[in-house]
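Residues per chain are reported as follows:
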Amino acid sequence: MARSRENRKIKQHIMEEWTGKVFTSLCIVLLVVTIFSLVYFVATKGFSSFIKDGISIGEIFGGTQWKPEGEPPFYGALPFIIGSFSTSIMAAIIAAPLSICAALFMVEIMPKIGRKYLQPAIELLAGIPSVVYGFVGLSVIVPFYRDIFPGQGLGIAAGATVLSIMILPTMTSIATDALAALPPGLKEGSYALGATRWQTLARIVIPTTLPSLMTGVVLGMARAFGEALAVQMVIGNAPHIPRSLFESASTLTSAITLSMGNTVMGSPQNNVLWTLALILMLMTFVFVFIVRCLERRANR
Amino acid sequence: MKKSLILVMTLVLSFALAACGQGNKTNNAGGGTNAGTTNSATGDTGAAGGGETSTSELSGSILAVGSSALQPLVDQASKKFMEKNPKVSIQVQGGGSGTGLTQVSGGQADIGNSDVFAEEKLDAAAAKELVDHQVAVVGMAAVVNPEVTVDSLTKDQLVQIFTGKVTNWKDVGGPDQKIQIVNRPSSSGTRATFEKYALGTKTEDLPGAIQEDSSGTVHKLVSETPGAIGYLALSYLDDKVKTLKYDGVEATEENVANGTYPVWAYEHMYTKGEPNEVAKAFLDYMVSDEVQNADVVELGYIPASKMQVKRDLDGNITK
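Note that the protein sequences, when read in sequence, are chains D and V. Start counting the first sequence at 0; every next residue gets the next number (numbering that gives the first Met the number 0). Start counting the second sequence at 0; every next residue gets the next number (numbering that gives the first Met the number 0).
You may find that some hints are simply not true.
[What the hints assert, rightly or not] 27 Å max Cα-Cα, derived DSS-like pairs, lysine-lysine: (1) V:K305 with D:K44; (2) V:K164 with D:K66; (3) V:K177 with D:K66; (4) V:K127 with D:K51; (5) D:K66 with V:K305; (6) V:K305 with V:K154.
Calculated from the structure, these hints are not laboratory results.
Turn these sequences into a full structure, and let the hints guide you.
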């Protein structure tokens with residue numbers, strides 16, 4: 000009697016184990032299948048412009064003329080690639096010092112106020128939808144730049160400004176985690192040797208956490224690289240390499256969102272947009288790869 | 000324990016792969032299943048199946064995809080239609096004219112909404128299979144920033160502005176101010192219409208020109224940017240932007256309807272072959288007086304029934 004009850008109990012636990020295992024395995028399989036089919040889909044679509052439509056790789060990566068509807072059509076995506084890189088790098092340049100300083104303030108200087116007020120405020124930024132950023136950019140930043148600088152206000156500078164605010168939360172939270180994970184002994188040792196707070200921060204804290212801080216910067220850049228809507232609203236979308244930061248330009252994402260719905264699936268115009276998507280995806284892989292390398296350095 | 004886990008994993012994997020394979024097949028065939036799966040996020044999986052019609056009451060579901068310019072009208076009309084026919088479900092989605100034409104041609108959607116003739120986007124064979132239903136007309140006008148003193152531009156002047164030959168307003172009788180073009184992307188149906196009927200020529204994307212796809216953004220930029228010129232559908236015109244006369248003709252509904260103002264386009268709802276019962280009933284409803292005289296006018300379109308002139312694909316106008 001007692002034994003059978005025990006048996007039942009064991010059986011119950013085995014069942015629990017099983018359900019858990021099957022469920023998690025299912026989730027993982029689903030994830031892996033999704034990722035692989037996505038990559039496969041974008042890759043086949045993206046390569047079809049080279050294979051089916053016979054557009055040369057050199058033209059896409061090196062051409063500066065984008066006239067997919069023209070006679071003859073030109074498919075030079077260099078303006079978009081340059082636009083994407085310049086906006087995301089500029090956004091990172093603006094956001095990195097801000098976020099690192101904010102993280103230092105929250106962790107090292109005033110942990111109480113920082114944790115209680117500043118951190119939720121910055122995390123709130125992450126929850127604002129990108130269309131709101133775009134609209135604020137169009138209503139506030141663009142007129143501001145238009146009044147101060149020559150040009151129409153729209154352009155890489157406006158795009159980078161909007162993006163820098165968008166990527167601030169990503170960078171700050173990663174920087175905060177990195178700083179908080181620093182072994183206290185390091186700082187204490189530095190203070191014990193008579194170093195001031197500035198010396199401790201500048202010579203001990205930042206150099207030791209640099210790889211992790213860089214991880215945050217790269218992840219922020221990756222986010223900026225892939226952002227479409229907010230950038231599209233403020234960058235102007237002219238398919239040309241701009242002569243100034245305040246002249247209408249385009250990014251890979253804005254080119255895709257602008258034309259994807261208007262072109263017919265399977266046409267060369269549409270396929271070449273998928274090629275742009277493929278370039279975007281490959282760039283994301285590069286970013287992930289850089290982050291991996293940085294993490295490995297941080298762990299060493 | 001471990002063996003059975005592996006067994007389960009293999010089973011799951013093979014199921015997943017099998018499902019994938021099937022999905023691809025139906026995708027290639029352009030079958031209804033594909034649309035069903037892609038639309039499952041929005042809830043209605045039966046949409047693409049097309050109306051399973053009953054004999055007594057109209058029932059079934061249809062999916063209308065495409066032009067964002069036409070979407071508000073179809074959306075509003077579909078709601079009224081569904082109130083009258085409770086067993087019918089109509090889903091209206093945007094996505095652009097290209098998407099609408101692709102999906103109706105591929106069979107994923109029952110109705111494809113488009114700003115342009117199918118022949119202009121699809122290849123001839125695919126376009127031939129589609130049946131055109133012209134439900135409304137949209138007029139378009141060139142608009143400028145209110146501070147620009149120019150009232151009227153001729154066709155030649157517009158062409159010179161949009162091709163970059165004239166870059167200052169003083170050359171067309173305005174103040175000494177740089178012209179800022181606010182254009183649409185080259186794939187846009189609105190731009191195609193404007194180029195075809197207002198300019199009569201294709202234009203290139205000029206360096207420094209702004210391109211926006213949404214009429215709201217174009218309106219905002221033209222109203223705020225000094226020296227800006229763009230073009231908008233008549234329903235977007237208000238006193239924040241200044242509407243230009245085209246060759247001296249004012250952009251009004253009457254002038255479009257009687258054929259004196261040439262910059263307008265049909266809004267098309269395409270079906271593949273003849274529409275099924277539900278789609279046909281809905282399309283009939285779209286062109287009925289009930290919609291044409293109420294929703295169409297209310298949303299700023301021009302009723303197709305009011306047009307005194309007709310225009311074919313090549314732009315030939317007949318009275």
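Taking the hints in turn, this is what the structure says about them:
1. Taken as a hint, the K305 of chain V and K44 of chain D pair is broken in the structure, with Cα atoms around 44 Å apart against an allowance of 27 Å.
2. Only pairs whose Cα atoms come within 27 Å are accepted, and K164 of chain V paired with K66 of chain D is accepted, the gap being roughly 19 Å.
3. With a C-alpha separation of about 25 Å, the suggested pair K177 of chain V and K66 of chain D falls inside the 27 Å cut-off, and the hint holds.
4. A threshold of 27 Å between alpha carbons decides the hint, and for K127 of chain V with K51 of chain D the separation of about 24 Å falls inside it, so the pair holds.
5. With a C-alpha separation of about 38 Å, the suggested pairing of K66 of chain D with K305 of chain V is violated against the 27 Å cut-off.
6. Taking the CA atoms of K305 of chain V and K154 of chain V, the gap is near 26 Å; set against the 27 Å cutoff, the hint holds.
Figure legend: structure checked against the earlier numbered hints; hints not met, in rising order: 1 and 5.
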